[in-house]
Structures are given as C-alpha cells and as structure tokens.
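So the chains spell out like this:
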Amino acid sequence: MTNPDQEFLKKLQQAFAFEAKEQLSIISSSILKLEKQQDAKLRGELVEVMFRQAHNLKGSSRAVNLSRIESLCQSLEAALSEMKKGKTPSPKNYLDTLLLCVDILEKLLAENDVVSPETEPLIARAKQELSLFFESSDVVHDADSDLTTDSSPAAESMISYDSAAAQVPVIGNEKVATMDGIRLPAVKIDELLLQAEEMLSIKRAAFQHAEDIAALTDEAELWQKSWKNFEANLRVVKGLVGKQLNETEIVQIGGHINKLLSFMEWNQAQVNAWVSRLSLQRKMVHEDTHAIAVGVDSFLESTKKLLLMPCGALLEGFPRLVREVSRDLGKDVELTMTGTEVELDRRILTRMRDPLVHLIRNSIDHGIELPAVRRESGKPSKAAITLTINQDDTGKVEISVSDDGAGIDGEKVAAAAIKAGIITANEVFALTPEEKIDLIFQSALTTSPMITDISGHGLGLAIVKENVTNLGGRLQVLTKPGAGTRFRIFLPVAIATFQGVLLNAGGHKVTVPKANILRVLRLNLTQIKSLADKDAFEFNGALCPLIHLTDLLELDNTIKDNNQPPFLLVTVVRGGDDILGLIVDDVLEEQELMVKKLGKPLNRVRNIAGVTVLRTGEAVPVLHVSDLVKSARRLASKSGGLAAQLLSPRAKKRILVVDDTLTSRMLVKNIMESAGYEVKTAADGLEALAELDAAPFDLVLADVEMPRMDGLELTKRVRNSSKFADLPVILLTSLATREHREKGVQAGATAYFTKGSFDQTNLLDVIKRLI
Amino acid sequence: MLQTDGAEERRILQERAKILARPDVVEAADSADEIYVVQFLVAGQSYAFDGSMVREVSPCKQLTRIPCTPRFIAGVVNVRSEIIPVLDIRNLFQLPAGWPNNCKLIVLQSADTRLGVLADDVIGVTTLSLARLQPPLPNMTPEQTRYMRGLADGPIIFIDAQSLIDDPQIAVNETVD
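Chains as they are written, first to last, in the numbering used here: chain A, 1 to 771; chain B, 1 to 177.
Calculated from the structure, these hints are not laboratory results.
Check the hints yourself; a few may be wrong.
[To be verified] Distance condition first, Cα-Cα at most 27 Å in a straight line; then the derived BS3-like pairs of lysine-lysine:
| no. | chain 1 | residue 1 | chain 2 | residue 2 |
| --- | --- | --- | --- | --- |
| 1 | B | 61 | A | 596 |
| 2 | A | 597 | B | 18 |
| 3 | A | 509 | B | 61 |
| 4 | B | 104 | A | 509 |
| 5 | A | 630 | A | 419 |
| 6 | A | 755 | A | 652 |
Fair warning: this is a prediction, and the values are worked out from it, not measured in the lab.
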C-alpha cells in the first residue's frame with residue numbers, strides 16, 4: 001500500500017474507533033436497561049436499538065478491514081435479529097453473554113483487532129454462548145434481510161419500528177458522548193453559527209471605517225498641495241508689501257490676493273466638511289466598537305457553553321459498574337441516578353469520573369453490608385446507592401453519593417489512623433467525632449483488614465479530595481452508623497476562566513488564582529515571629545508561615561533596591577486547608593484569564609499550574625497554590641530564618657569598630673560611615689563579642705591593644721566560633737613590627753594595618769574587596 | 001491503420017499504465033534519497049532538521065521562562081494563542097551559553113506535539129543526501145550525538161527531530177510530596 005492510502009486507512013480507522021465506542025456504549029446501556037425493563041413494547045425498542053448498532057458496527061468494521069470485530073458483530077447481530085422477533089433467548093444469563101460480547105469488542109477495538117492470547121478463548125466462548133440462545137439451528141442467516149422486512153409491520157412482531165429512531169440513536173434525552181470527541185445538540189451549533197455570521201457585519205464595518213479614514217487622508221494630502229500654492233502666493237504678496245507699486249505690480253498683487261481669498265473660502269468649506277464627517281465617523285466607530293464588544297463577548301460565552309455537557313454522559317457506565325462490583329462481592333445493590341441532565345463543563349466532568357467511581361466502589365465494598373447482615377438489622381436485602389446531581393441558583397453544582405449501608409465508625413477510623421502512624425493516641429483524644437471521620441481523607445489510611453482489588457489501598461479518598469479541591473470545589477461527608485453515609489461534592493460550574501492576580505516577585509511576573517488569595521497585606525518587620533528555622537506571622541488568630549516567593553520558585557531577585565522599606569508586601573494564599581504568606585515585590589492588576597497547559601515535554605512542573613496569556617500577548621506562569629504550600633513546608637526547614645536576614649539590611653554593610661579610645665573609635669566610625677557603611681562600636685574585645693552575638697556584622701575593624709580582651713584574642717575567638725568563623729577581621733594597630741603582623745596572621749586576621757601609616761583609601765579598598 | 005496483434009497493444013497499454021500509475025510526487029527532490037531539511041546555526045555549528053517535521057520558523061520574541069524547570073527548558077512562547085515549550089539546545093548539548101538578542105525559533109511538529117527550539121540563526125532550506133550521511137566523529141560528545149541521525153557535508157549535524165521530541169530525558173514530571 002502506498003503512503004497516501006495508508007494515511008487514509010489510518011484516518012478511517014480512527015473515525016471508526018470513535019464511532020464504534022459510541023455504538024458499543026449504546027449497546028451496553030441498552031442491555032442494562034433491558035434487564036430492568038418489563039414492558040414488552042419498551043423491551044422491543046431496546047432490542048431494536050441494539051440490533052441496529054450491531055449491524056452498523058459490523059458494516060463499518062468490514063469497511064476498515066477489522067475482521068475479528070466484524071465476525072463477532074455478525075454473531076451478535078444474528079442473535080439480536082432473533083430477539084427482535086420477540087423471542088427470548090433460552091439461557092437464563094443471556095444478558096451476561098451480551099455484555100461479554102461488548103467487553104470483547106471493546107478490547108478488540110482498543111487492541112486494533114489484534115487478538116491477544118487471553119481474548120481468543122473468550123471470543124470462542126462468546127460465539128458458543130450466542131449460538132445457544134435459540135434452539136433453532138439456523139441462527140446465522142443473512143441479517144440484512146431483516147432490514148427490508150422491518151418496514152412492513154410483521155404480524156408476530158411486537159416491535160414497532162420507528163424510522164426516525166434509526167438515524168440518530170438518542171435514547172430518552174441523553175446525548176451520547178465519549179472521551180475523545182463530543183456530540184452536541186445541533187441547536188447549540190446553530191446559535192454559534194449565527195453569532196459567527198454576525199461577526200461578518202462587524203468585519204464589513206471595520207473595512208468601511210478603514211476606507212473612510214483613507215478618503216479623509218487623501219483629502220488632507222490634497223489640502224496640503226493647495227496649501228503649498230497658497231504659501232507661494234503669500235510669499236509673493238508679502239514681498240510686495242510696503243513697497244511702492246507700479247501699475248503692473250498692482251494688477252499682479254490683485255490677482256494674488258484673489259487667489260488667496262479663494263483659497264481661504266475653499267479652506268473654510270473644506271474644514272467644515274471635515275469636522276462634520278469626523279464627528280459622524282466618531283459616532284459610528286463608537287457604536288461599532290460597542291457592537292464588536294457585545295458580539296465577541298457573546299460568541300465567547302456561547303463557545304464556552306459548548307463545553308457544557310450533561311452529567312449523564314459521564315455517568316453512563318455506572319450502572320454496569322455497580323452491577324459487577326456488587327456481584328463480585330456478593331452484595332445486592334441498586335443504583336439510582338437523578339439529575340443527570342444537569343450540565344457541567346466537560347473538563348470538570350472528566351476529572352470527576354474517577355473520584356465518583358472510587359466513592360461508589362468504596363461504598364459497595366465498605367459501606368454496604370452483605371444481604372444476610374442487612375436482613376438481620378431489618379433492612380431490605382437490596383441496598384440502595386443514590387447518585388444525585390443538583391444545581392443551585394448561584395451556579396454551584398452539588399454531586400452527592402449516598403448509601404443506606406453501615407455508615408462510617410469514627411472510632412474505627414481513629415484506630416486505623418493511630419495504627420498507620422498518622423496521628424497519636426493523645427491527639428485522637430482531642431478530636432471531635434467529625435474530625436475523626438475526616439481522617440478518612442488522609443492518604444495511607446484504610447480500615448479494611450486486607451487490601452482487595454477494589455479498595456483498601458488507602459489512597460483513594462485522599463485523591464478524591466485532592467481532585468475536588470484542585471477543581472476549586474469542596475468535599476463533605478455525613479454519616480450515621482447503621483443508617484448510611486453520604487458524600488457531598490460541591491463544584492463550580494465551569495473552570496474555563498478564572499480571576500487571576502498578577503504579582504511581581506523579584507522582577508518576575510507570575511499569576512495566582514484570585515480564588516486562592518485570602519488577603520494582601522503589609523507586614524511590619526516587627527510582626528515577624530521567628531520560630532526555630534521557620535518564619536511566620538499571626539493571621540486571623542493562627543500562625544501563617546512566611547516565605548519569599550522568589551525563594552520558593554528558585555528565582556533570582558532582579559530588583560536592586562537599596563532602600564529597604566520597613567515593611568513587607570505579603571500575599572496570603574490558601575491551598576486546600578493550609579495557608580501561606582508569600583513575600584512579593586508588587587501586586588499588580590487583576591485580570592480574567594485562561595489557564596493553558598504547558599504541554600509536552602512539560603507534563604507536570606512543580607509549583608506551576610500552567611501558563612496564561614495577558615492582554616499584551618505576554619505569557620505568564622500561573623502558580624499551583626497547593627504545590628506552593630507543600631514546597632514551603634519543605635523549604636522552610638532548609639533555609640535559615642527570614643527574620644535574621646531582614647534585620648541586616650541588604651544595602652548597607654555593617655562594620656564593628658573596636659577600640660578602647662573614644663577618639664579612635666570616632667575617627668574610624670566617621671571614615672566608615674562616610675564610605676556608606678553602617679557602624680557600631682565596642683570598647684574592647686568582650687564588648688565586641690557581645691555585639692557580634694546580638695546582631696550580624698559584615699566586618700570587624702579592631703585595635704590590637706585593648707584591656708580585658710585585645711584584638712588578637714578577639715580574632716582568635718571569632719575564628720573559633722561556629723557562628724561567625726568566616727567574618728573578615730581587620731586589625732588596626734600602632735604596633736608596626738613584623739612579629740606583630742605575624743601574630744595577627746596567626747590569630748587569623750584577614751588584614752593588618754598600622755595606625756601610623758594607614759592610608760584611608762587603601763583600607764577602604766581592602767574593605768570593599770572583602771565585603 | 002496499423003495492424004498490430006493483441007500482444008503489442010497490451011504491451012503499449014501496460015507501458016502507459018505504468019507511466020500514469022506513478023504517484024504524484026509533490027516537492028520531490030532530485031534523487032530518491034534526498035530530503036529537504038531546515039538548516040540552522042547554534043554556537044557556530046550547523047545543524048539540520050527534517051523539513052517535514054518543521055512547522056514554522058520565526059524570530060523568537062517574548063520567551064517566558066518557567067520557574068522550577070530544568071535549564072534545558074528555555075521557557076514557553078505564545079504562538080497564535082498556543083503555548084509551545086522551547087528547548088535550549090545550548091544547554092542540552094552543553095555548548096557555551098548566551099543566545100543572541102535576535103535569535104530564531106524553530107517550531108517542530110510531530111503527531112500531537114509541538115516543540116520549539118532556539119537557534120542563533122536559520123540559514124534556510126536545503127537538500128541533504130541520506131545516502132551520504134556519515135556516522136558521528138569520535139571526538140563528539142554524547143550530548144551532541146544523542147539525537148544525531150548523521151553528519152552531512154558542511155559539516156551539518158542532522159538531528160532526528162522525532163527522537164528529540166520523544167526523549168524521556170527532557171520530559172518534566174514533578175509533583176510535590
């Protein structure tokens with residue numbers, strides 16, 4: 001096969017896969033409905049739908065050379081064709097067989113018709129079971145003939161064939177959707193198309209304005225030419241003014257003046273015309289701008305609405321899931337779903353699917369009791385799980401999963417938490433019953449005595465909670481021992497855009513979702529509490545950790561600010577249940593923004609949720625607040641205290657001048673301060689050490705001869721200390737001999753200057769080099 | 001009217017059928033093993049990508065660095081509302097750092113992925129003979145030869161764009177805790 005053919009076949013197979021998923025999904029849900037459906041007429045309709053899907057699938061699979069799929073579809077279609085005639089298959093578990101066929105087909109679809117060793121026997125089994133459906137030997141006949149006989153109402157047939165239903169299989173009000181593509185009601189597209197067409201008139205208006213402006217500009221250029229002539233004439237007339245004119249010149253001047261006058265008249269008319277056209281133009285542009293704004297906004301709205309999808313589409317496989325899980329565990333469970341027509345942003349729905357699956361599995365596994373146990377407690381042996389979806393006026397959606405099982409025992413949970421090492425027995429004592437139950441959301445917690453296929457791994461509920469909070473939602477659990485449990489998930493309707501706040505951290509622009517920002521405040525340096533190695537401040541009665549956003553994001557600070565203000569600008573954010581104070585340089589505007597994913601190979605970057613594009617076209621990172629909060633916890637334990645850093649202002653370096661004579665101290669202090677350093681003094685070595693202990697310094701300038709502790713001893717002490725062993729120490733002394741110098745070096749002095757000969761600039765240079 | 005027997009006719013028709021059956025070759029290079037490549041410069045060395053993998057070339061403007069990403073990720077760019085990650089080849093191949101102010105952006109495209117690559121300059125489109133590709137020189141570093149398909153006359157280092165895009169080493173997958 002040549003390349004273009006291969007390409008085409010590939011595309012065809014992709015389209016087939018997309019369509020086939022839908023068809024299989026319809027068959028699957030029809031089978032489940034059939035199980036519950038007693039009414040013969042409705043049963044007939046379901047079988048009809050299933051047959052049609054199988055028939056179409058058979059044909060399409062043949063067209064794309066997927067022979068195994070085609071073959072199984074053929075057997076399935078044949079069996080369904082018999083069922084269409086109103087016959088019920090003999091084997092009691094015929095529905096299971098049908099479901100098995102669907103499973104196999106889904107598998108084959110996923111593996112692109114390549115049969116794995118496990119699937120081969122299954123196919124054989126399925127076909128065998130199908131052949132046992134009806135005693136009549138001639139089951140595999142040409143099912144195509146059924147299509148033509150359908151239009152004539154057969155006497156034995158209890159099925160009413162609705163020709164309209166054959167086109168688009170819409171069962172009830174559901175719109176079918178799969179993960180790769182979506183089907184939309186045509187009316188939404190029509191709306192969008194109408195709005196798109198309205199954009200055409202905006203386009204025409206824009207072109208018109210452009211033309212009008214072009215015309216005005218052309219006329220202006222014409223005017224300029226006329227003006228040049230005018231100027232020429234004017235010069236001539238000016239030249240003749242004040243002169244004695246002869247006859248010819250008088251006539252000439254008359255002619256020029258005429259030209260001048262006519263120009264003036266023309267000019268006035270022209271300017272008037274322009275003024276009126278310009279004001280008309282202005283009015284039209286103003287109106288059109290308004291129309292454009294409205295048009296674009298509503299177009300955007302409508303497009304966003306396309307992403308809204310009824311929840312039912314997402315929950316399609318759930319009845320089947322419940323059926324299988326409960327069967328595996330020997331429990332009897334009925335799933336009721338209401339509110340499936342409520343519409344949510346598709347992206348929220350896809351992310352909620354797994355959490356809901358987990359909640360339901362959990363409920364069946366842990367919550368629901370075995371039928372015998374239920375009967376003993378006076379409950380019906382058939383348990384009920386209810387999934388409801390509700391939307392309130394503010395647009396928030398509530399999904400609730402409730403069961404009438406055994407409820408959650410707070411004590412058991414607490415015991416498991418202690419066992420898992422999440423919490424100590426003492427701490428448990430202080431918890432309220434609700435808090436004990438909330439422990440179920442800790443990862444690594446499970447109350448099951450063993451890990452089954454289905455649950456017990458201890459991760460699930462924690463992930464459910466994380467998924468919900470990442471979407472900007474909330475999770476609540478209510479339970480009554482013996483009566484049941486209810487999980488309530490509150491979600492926003494759409495995540496398409498969010499209000500973002502632009503921040504400047506060290507010269508870098510970043511955005512944080514406004515929803516995560518609790519407050520922006522100015523913090524006085526004195527309010528910072530330094531606890532061990534973490535810094536914090538009091539916020540709403542609790543301690544809020546504090547950290548430089550540049551440190552958290554591993555960025556360099558590109559702002560060179562020599563003026564250290566006495567306060568910090570802090571943005572307090574919340575990620576999940578934790579809060580964090582981010583020190584930033586500026587809080588800029590708030591914008592409505594869309595978060596875009598970073599894209600391969602940046603699959604997941606820590607601390608970064610994505611990127612957003614500002615109105616200027618500039619891309620700015622959007623921060624992942626829950627990551628930030630977690631990162632802060634890790635970082636705080638590594639870096640030193642913030643308070644200590646802040647107390648030494650970044651700009652001015654601090655020098656400790658140590659000398660026992662007041663005059664010397666004053667003299668050196670003066671010199672250092674004029675050079676731009678901050679100076680503190682001490683009278684001898686002991687005082688100096690006390691000063692060094694109290695606050696950080698960048699350099700020590702010490703005299704050698706001092707009472708109590710001299711400069712050499714001071715130097716030795718400094719070098720031996722752990723806190724400031726690297727502190728530069730310059731010894732100033734009147735003792736000029738070499739031995740003294742050597743002693744100084746031995747003691748560990750960084751430099752040695754003699755008072756008599758010391759040259760100011762030399763000393764300052766050295767200091768500058770050192771700090 | 002020429003009298004020919006069936007065999008001659010058949011032969012003529014077969015000949016014509018063969019000529020007509022040859023697939024349309026759009027943008028064919030002169031010989032079968034020549035392909036079009038986009039040639040570009042980084043740190044004084046010429047490189048090339050298969051032309052079919054290059055979606056576009058443009059001046060690189062407004063590159064946004066993303067915090068907490070490895071150094072070989074230069075950042076992302078916004079190209080017509082699409083966010084495209086950009087690789088820093090100088091860092092990736094361990095060449096000296098320092099992109100010129102007017103560097104270029106080459107956007108590679110493969111299946112569903114778009115990846116940007118910075119270049120000092122883009123020389124243009126040229127043809128490369130696959131048959132005459134040489135293996136890498138012994139003095140080349142492993143970083144340089146990692147994505148190399150071969151060495152062409154120039155010398156031009158011909159890079160396999162697909163292996164670059166698919167390389168798990170440049171993938172970033174980090175969560176916190």
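Here is how each hint holds up against the structure:
1. Taking the CA atoms of residue 61 of chain B and residue 596 of chain A, the gap is near 19 Å; set against the 27 Å cutoff, the hint holds.
2. For a cut-off of 27 Å, the pair hint linking residue 597 of chain A to residue 18 of chain B is broken: about 51 Å separates their Cα positions.
3. In summary, the hint linking residue 509 of chain A to residue 61 of chain B is supported, as the alpha carbons are separated by about 17 Å, within the 27 Å threshold.
4. At roughly 24 Å between alpha-carbon atoms, residue 104 of chain B and residue 509 of chain A fall within 27 Å of each other, so this suggested pair holds.
5. The suggested pairing of residue 630 of chain A with residue 419 of chain A holds, with an alpha-carbon distance near 24 Å, which does not exceed 27 Å.
6. Between residue 755 of chain A and residue 652 of chain A the alpha-carbon distance is near 25 Å, which keeps this suggested pair within the 27 Å criterion.
Hint compliance for this structure: hint 2 alone is broken.
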